[in-house]
Amino acid sequence: MKTLLNIKNIIAVLMISGLAFNCSNDDDMNTVTPMPTEPDFSGLYVQQDQMGRPAVNTVFGSSASKDMYNITPPSQQGAAFQSMFQTNLMALSPAYANPGDANALGLDAATFTGLLATDVLNLSLDGTTTFYDGTNVLTGRALADDVITVELLLIFGGEDFSENPTLSNDNVDANDKPFLASFPYLASAW
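Letter by letter, the sequence shown follows residues -22 to -1, 1 to 168 in mature numbering (1 follows the signal peptide of the UniProt record, and there is no 0).
Heads up, a few of these hints could be off.
Stated by the list, open to error - In silico SDA-like pairs for lysine to any residue, Cα to Cα no more than 25 Å straight-line:
{"hint": "1", "residue 1": "Lys44", "residue 2": "Met29"}
{"hint": "2", "residue 1": "Lys44", "residue 2": "Glu16"}
{"hint": "3", "residue 1": "Lys155", "residue 2": "Ala88"}
{"hint": "4", "residue 1": "Lys44", "residue 2": "Pro72"}
{"hint": "5", "residue 1": "Lys155", "residue 2": "Ala120"}
{"hint": "6", "residue 1": "Lys44", "residue 2": "Asn100"}
{"hint": "7", "residue 1": "Lys44", "residue 2": "Gly56"}
{"hint": "8", "residue 1": "Lys44", "residue 2": "Gly78"}
{"hint": "9", "residue 1": "Lys155", "residue 2": "Tyr110"}
Derived by calculation from the structure, the hints in this document are not laboratory data.
Quick caveat, the model's predicted, so the values are computed rather than measured.
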């Protein structure tokens, strides 16, 4: 039920965002349609994609499983996809070549892929919100967080981030344009 409410909240935000940002200057009709006081959530909604942790499904999911992963509820993803993610991690990363190898979080391949297979964005309600800041890890995600480099470090960097340095950085250190200091925070369009 909680997931359904979260999905409804997300859909409401997307609907309102779509109305606010997709208005045209074509006002020749001079017809104003009032917005309902409550959004209408009747009907059937189907999830199409997930991106709590970007690139995880792209890297560790097989091409045949990507769509199924995207529509699987996070509570069921670990059981359904952890084994495949672990097999692909161990084949891909030399940092997990030996039994007992772990990443900088101290997670072995099975534990790490169990975390990755459940595509949720963890959030600290009483601490720093960041994907990784040197101390806090996976406590949320700020716009400027270098999510892909953090994921590469956890996949290839080994116990202290020093293994496989050429594989552990995407070398994209900033957004194309600066983020705004106030809402909506996203950089302005080009």
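Looking at the structure, which of the earlier hints fail to hold? Failing hints, ascending: 2, 3, 8.
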